Structures are given as structure tokens and as C-alpha cells.
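For the protein sequence lines, the chains are A and B, in the order given. Going by my numbering, 121 is the number at position 121 of the first sequence; the sequence numbering is gapless. Going by my numbering, 93 is the number at position 93 of the second sequence; the sequence numbering is gapless.
Please keep in mind that the hints were generated in silico from the structure rather than gathered at the bench. Be a bit skeptical, because a hint or two may be false.
Unchecked claim - 25 Å max Cα-Cα, derived DSS-like pairs, lysine-lysine: (1) B:LYS150 x B:LYS41; (2) B:LYS41 x A:LYS60; (3) A:LYS201 x B:LYS78; (4) A:LYS154 x A:LYS37; (5) B:LYS154 x B:LYS37; (6) B:LYS239 x B:LYS154; (7) B:LYS81 x A:LYS190; (8) B:LYS60 x A:LYS191; (9) B:LYS190 x A:LYS81; (10) B:LYS201 x A:LYS81; (11) B:LYS190 x B:LYS201; (12) B:LYS60 x B:LYS81; (13) B:LYS201 x A:LYS78; (14) B:LYS154 x B:LYS41; (15) A:LYS81 x B:LYS191; (16) B:LYS201 x A:LYS60; (17) A:LYS94 x A:LYS81; (18) A:LYS190 x A:LYS201; (19) B:LYS41 x A:LYS201; (20) B:LYS201 x B:LYS41; (21) B:LYS81 x A:LYS191.
These numbers come from a predicted model, not from an experiment.
There are 2 protein chains.
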Amino acid sequence: MTRLTGPLRIWGIKYGGMVQPGLDLTQLVFDVCRRSKTPLKDGDIVVLTHTVVAKAEGHKVALDSVTPSDLARAIADKVAKPPEVVQVILEESKRIVRIERHHLITQNEAGVVCANSGVDQSNVDGGRSVVVVPPDPDRIAARYARRFLKLGAKVAVIVTDTLGRPFRIGEVNFAIGSYGIVPFNDLRGKKDLTGRKLRIKRIATADEIAAAAELVTGSSSEGVIGAVVRGYPTRPSRKGASSLQRPFSQDMFV
Amino acid sequence: MTRLTGPLRIWGIKYGGMVQPGLDLTQLVFDVCRRSKTPLKDGDIVVLTHTVVAKAEGHKVALDSVTPSDLARAIADKVAKPPEVVQVILEESKRIVRIERHHLITQNEAGVVCANSGVDQSNVDGGRSVVVVPPDPDRIAARYARRFLKLGAKVAVIVTDTLGRPFRIGEVNFAIGSYGIVPFNDLRGKKDLTGRKLRIKRIATADEIAAAAELVTGSSSEGVIGAVVRGYPTRPSRKGASSLQRPFSQDMFV
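Construct the complete structure from the given sequences, taking the supplied hints into account.
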């Protein structure tokens, strides 16, 4: 029958303060939702930006504690960044993918291919510190999901980063860690309405949820630290969003 | 103040029939929304998959009308596809980007870098025809927006395709055409909460809306032809989603 399905609903979580190390994000999110008369429910998805997670978890580095190597100084020259920042980027990287046109593209410790290992100079101590990507965002998502469960809601958790893409202008939000949700919807072998195999093989739903969440989190200048997604069917998965990283050996564009 | 914002809401548009050439998609969507007691409102965003648009617009090619060239036959051999399909893919392409591991990556006439020029063998005449991407999806989006306006709602329109990405496993939905919405949110020069320039420069919001819509459209086997997004601030733009294509001369990964 021809009809509308849904709706899927997405709320932004606006935080009035500055996120400091030790802030209990799960308690914060749980309380905000309850106070806003939209208490978290089983099956909701809580999406948190990695910058907020990293700040709460204390993943930041004071730049005056960093001694740049000769390599960091040489690269800093090419990419027009402070050598201390480049040093942190290199320490956070597994692999340098490109140094080109003032861009430093790496694969970071969390496995994500992105600019500057995801090291973020904005919103931190007025530029005297940088925020680094937590090395295992899947594990953080799992830890947060367990805390939400203790608070009373069985939710999935996604940790995101906003990244550039080849071929496309502009950045979009991606899932770099997740728990409690299948990161991709595997359609291989399924048939279409006429009985033919589908062209689309695997939909990276965790990335799509991250992108959807960005529509309400907006730029970090607005203090929106994440989102609550309601109405998307979740089911447990042993795989986290790190499984969305294609191995370099299978990539045509590295 | 700490609080929830939104919600953004997304409905799926489920169509009970098979989309045939000449089907008036705008009338269909307008009527479904009204009958479902969620009439389209000014500011809504109607998202339609390109496959559905292409079928309604008659952008399909019967494979028995195609004569493969020698080039098409040679490539067909490498990528394990029927030579007739490869011939259509080549005719729909501006440029071959990669032929590798059974994949044929091109830039199609609409400017999008993707597998097989976006030519779709699924859901069409039991495999005897293929659906091709409309050459100017921005123009189609504009035409549909004008029709919606005549029906009584000033909505933005986005045409999407589901595409693979470098570095990541799985496909996500992208905006290949749009009208009535700014395709990317330009944050260049804006400041963060501490007064520093933002790390994020331009958010490709049209791509994020496309990705969000995919969460309710799911696989094409379910007959969901698009989505209605409500609660995202739209404003008119002279640029369509085709402006999200990065010129090859500025791309590090082509």
C-alpha cells in the first residue's frame, strides 16, 4: 500500500557549559532527555561527537609539552601548521596517506583515514591544547552503552567525527565507534521487487546515522554535543563502527 | 541552557506499485502525505532516489537495443559484466577513473564519481533494461520543486544516489541533485566557543540529508521511493547538489 512510514526522529543535545575532563556524558544526556520530557527509551541511539567524548575523557595534549621532531618540522613547513601540532598528528597516526597542497592526510590510531589524524585545535584552551581522537571509539561506545543501561535505558551509542571525502566538496559526519547497532546493513544475496539481485550490497547505516545526527548538532560553535535518534531499528552486533574501515589492501584510492 | 533541540523528523514514502514512465512523482508524494495526515508544508524537504526519478522520467535503456563496441567488450571481460551493460556505462560516462578488481569506476554525465556510471540493473524489466542516471539532477529537482509549489507546498527537493566511498566499507546515500536548499553550510571564517577559527570548513548538508533519508528508504526491495524531512532549516540557493562535486584538479585521490 502507498503510505508514509515512520517518522524517524532526531533531537540535538545542547549543552550550556564547556565540556571538561571527567564530565559524565551519559548522566548528562540521560538527565537532559528526562528534563526535556523525552526520556531515553530502549532502542534509542545516542550519537556523540568525538570531540566532546575526547574532552570528557581527557584526551587532550598541551602544545607546550610537545617537542617536534625533525620530521614534524619538515612537514610543518609543507602544510603550514605549527610543528608542535604536526608532532601530535604524527604521534596519533599509523600511516601517512598524503602530504599535498597544505593537507596532511593520515590513518589515525583509531584506523580512520582523515586530515590531521583528526587532531582538533578548535574549542580547546584557546588554541594552547589540541584534542586527539580516542584510540578505541568502539570500546568507549560500549562503555557508555553499559552506563546508559545502568541508568535505565538500553540504547545504542555511536561516536562520530566530521571528515572530508575524496571526490566531494565539504565534510560529513562519520561513525568512528559504535555499540549496540549493526554498522552496516548487509543486503548481499537479497532480491529486488522483480527478483534480481540488488545492485547495492552493503549500506553503511552507522555512517548514515552519524550524518543524520550532524543535521541537528551543526557546527561546534553552537554547543550541540550530540543527538538522540529514535525510530531506527537497532539490533546488537559484535562489530563496531571500526569495521567500516576498508583495509588498505582492498582500497582502489589509497 | 542545556536542553534538547528539534526534533527533526523523517518519513519514508512507500509506494505500492512499480514506478512506470510518466508517473507523476510530485502528485504521488503530495497525495500520499495528505492521505497520511502529514500534508507537505512549506520548508519540508522531499528526497527522491534517482532510480525512481529515472524510471518515472523514462531514463532506461533496453539492452537488446545496445551494440557493444570493442572497448566495451574488452572492459566487460575485465569486470565480468555483460558487454551491453558496459556499453551503456561508457555512454553514460565522461571519464573512466578506475578499472580494477572487477570494478568500473567512472565519472558519469551528471558529474558523479561512482561505480558503473550509476547504471542500475536491478528492479528493471527483470534485467532486460537498465536505468541510467538523469544527466542533470539539479534541473529535475528544480522542476519537481516548481510542481510541488503549484500543488501548494514550497518544498526543497533532493535527488539521491547510493554510492561507495574510498576508505570505507559499504555504501551511503548522496545528493546528486537539489533545489531550494543550500547544498553545503559554509562555516569558513566562523569562530568556535573560545573564539578560534573552526576546524570544520564546509559541511555537505545535502549529502547528510540524503544519508538521513536512506535510513527510512532502506533497500529498494521494500518499495520505499523517498523521504520527507521536516525540521531542517532550508533557504533558497542558486547552487544545486552538483556543486558538491570536487573538480578533479583539486582532488588528491583521483
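> Against which earlier hints does the structure fall short, listed by number upward?
Replying inline: Checked against the structure, the hints that fail are numbers 2, 19 and 20, while the rest are satisfied.
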